[in-house]
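There are 2 protein chains.
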Amino acid sequence: MNRLLLVEDDMATCMAISSFFANEFEILVKNNGFDFLDTIKEFKPQLVLLDMNLPGPNGLKLLASMKEHLHSVPVFMITVRSGEEEILKAFQLGASDYITKPFSLKVLEVRIRRWMQKTRSESVIQIGAAVVDLLAAKVTIDRSKTDLTQKEVLVLRYLIANSGQVLSREQFLDYAWGYDFEGTSRTVDNVILSLRKKLGDTNDRQAIIQSHRGLGYSLNLPELLK
Amino acid sequence: MNRLLLVEDDMATCMAISSFFANEFEILVKNNGFDFLDTIKEFKPQLVLLDMNLPGPNGLKLLASMKEHLHSVPVFMITVRSGEEEILKAFQLGASDYITKPFSLKVLEVRIRRWMQKTRSESVIQIGAAVVDLLAAKVTIDRSKTDLTQKEVLVLRYLIANSGQVLSREQFLDYAWGYDFEGTSRTVDNVILSLRKKLGDTNDRQAIIQSHRGLGYSLNLPELLK
DNA sequence: TTTCGTATGACACTTCCATGACAAAAGGAG
DNA sequence: CTCCTTTTGTCATGGAAGTGTCATACGAAA
Chain S
478 MNRLLLVEDD MATCMAISSF FANEFEILVK NNGFDFLDTI KEFKPQLVLL DMNLPGPNGL
538 KLLASMKEHL HSVPVFMITV RSGEEEILKA FQLGASDYIT KPFSLKVLEV RIRRWMQKTR
598 SESVIQIGAA VVDLLAAKVT IDRSKTDLTQ KEVLVLRYLI ANSGQVLSRE QFLDYAWGYD
658 FEGTSRTVDN VILSLRKKLG DTNDRQAIIQ SHRGLGYSLN LPELLK
Chain F
478 MNRLLLVEDD MATCMAISSF FANEFEILVK NNGFDFLDTI KEFKPQLVLL DMNLPGPNGL
538 KLLASMKEHL HSVPVFMITV RSGEEEILKA FQLGASDYIT KPFSLKVLEV RIRRWMQKTR
598 SESVIQIGAA VVDLLAAKVT IDRSKTDLTQ KEVLVLRYLI ANSGQVLSRE QFLDYAWGYD
658 FEGTSRTVDN VILSLRKKLG DTNDRQAIIQ SHRGLGYSLN LPELLK
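Residue numbers (the working numbering), protein chains in the order written: chain S, 478 to 703; chain F, 478 to 703.
Since the hints were made in silico from the structure, they are not lab data. Careful, some of the hints might be misleading.
All copies of an identical chain are treated as equivalent in the list; a pair is satisfied when it fits inside any one copy or across any two copies.
Once the Cα atoms are required to be at most 30 Å apart in a straight line, the calculated DSS-like pairs of lysine-lysine come out as [to be verified]:
(1) Lys-675 - Lys-518
(2) Lys-674 - Lys-566
(3) Lys-583 - Lys-675
(4) Lys-578 - Lys-615
(5) Lys-615 - Lys-518
(6) Lys-615 - Lys-675
(7) Lys-583 - Lys-628
(8) Lys-507 - Lys-674
(9) Lys-615 - Lys-538
On a predicted model such as this, the values are computed, not experimentally measured, just so you know.
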């Protein structure tokens, strides 16, 4: 699950955001700007929501100090003020987006998702006729539940995380078995096989887990955005 | 110079934007949504600013129809209305950003700049009428999708990586088959043949994959992304 | 022990693609 | 322009490699 660092001192906003995204992201809330860099290094968030007005160093200062060292982590600035100067400054310092209060949580969600380049990172996701809960390792299809084994969860998570892309058997082995594993390609095939069974997949041209001869497998969700 | 397509019926906004960006971008202004797709195909903008309220088809419709064919061009929606539904819809349809009037021209500028820097590293490429996704091993042309085989992916990747250059059959064989492969030249030809079919290519003077007698093949992209 | 997860091998089946044959096109020489 | 050669376009086909699937063996956990 993706990690989200929220740095915000207004309790109402904190509560709103963290409860709204609770199922989607692992959220760490900080109420001030102290120890900002250390927090990021430890928590390793995929994205940071950063308030402008904070006790301690203010948002722009934090952004500046952070972008010196950790260039790759995207930062969304959040603020009640929306002065042009400040917005420009924020973008100039490397902010990825700039959200003005009050804002819609749903809109914030799509902006975050778009930036993470992941359309779905929920733990519960619909795959064809099946509803998959990766955390609980369960598949529900037509009201009947099936458990997923460890390997099945790993393989499926990898498929979902890279949905649409063709993944080679080597990649699966590296991800789910470890780099030192000396397995045959049959090993991956069999996990795919059982996944297909549990997902009620068909293995034809409309298959959700598609085979690509000589390349690997890919997960093709029917309608990515409905 | 980067090209910017502005589709907007309010003259004041048009004037403001086009004069502000005159030195930075080559701007084409359209006052309505007619001939939208054709305009894009001819003008080949790096980015589109699209108003929601237009004479003719409205902004969301245009966005939807466009994203079916031209994935790679980022679109910023511009509007006076800012209903949550509409914003969500726009993002779901593939909008890259959503700007609410009135807006600061300078802020618009940094948002545009930031997005132009971001779009360079995409795995989805437009080749003629086809949209190619090498990671997904897939070609979309007129809404119908075709899978690419292993050899097709390799050859096409090599063509794209060296687009514009003439590549000999030997080079293809070395890259996609391996140095020790003892194949005939027909082997490469057949892959090129099937690629042309899947890409909807013509094999004439305007062909995208061009033959060079005695030399090899080259990929000629119409200078959309360089 | 029994049970479950997992890895491996066997076998049938499917698909790709290398090959060769021939047609079509391009280029060069006369 | 015409003929001839060389190169390329295109198709059919057989073989071989990749894959689906099942049965089985092993080990860990209950």
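For this session: At 30 Å max between alpha carbons, let me know whether Lys-674 reaches Lys-566 within a copy, between copies, both or neither.
Result: neither (35 Å within a copy, 35 Å between copies)
Exercise. At most 30 Å between C-alpha atoms: does Lys-675 with Lys-518 qualify within a copy, between copies, both, or neither?
Worked result: within (20 Å within a copy, 45 Å between copies)
For this session: Indicate which option fits the pair Lys-615, Lys-675 if close means a Cα-Cα distance not exceeding 30 Å: within, between, both or neither.
Result: Both: 10 Å inside a chain and 26 Å across chains, each within 30 Å.
Problem set entry | Alpha-carbon proximity context of Lys-583 and Lys-675, limit 30 Å | Result: close neither inside a copy nor across copies, 32 Å intra and 39 Å inter.
Problem set entry | Up to 30 Å CA-CA - Lys-615 versus Lys-578, copy category | For Lys-578 and Lys-615, neither the intra-copy (39 Å) nor the inter-copy (41 Å) Cα distance is at most 30 Å.
Problem set entry | 30 Å Cα threshold - placement of Lys-538 relative to Lys-615 | Result: close within a single copy only, 26 Å intra versus 39 Å inter.
Exercise. Is it within, between, both, or neither for Lys-615 and Lys-518, if the alpha carbons may be no more than 30 Å apart?
Worked result: This pair counts as within: shortest intra-copy Cα distance 22 Å, inter-copy 38 Å.
Exercise. 30 Å Cα cut-off: does Lys-507 pair with Lys-674 within a copy, between copies, both or neither?
Worked result: neither (35 Å within a copy, 53 Å between copies)
Exercise. With identical chains treated as interchangeable, where does the CA-CA distance between Lys-583 and Lys-628 reach 30 Å or less: within a copy, between copies, both, or neither?
Worked result: neither (34 Å within a copy, 43 Å between copies)
Hints 2, 3, 4, 7, 8 from the earlier list are contradicted by this structure; the remaining hints agree with it.
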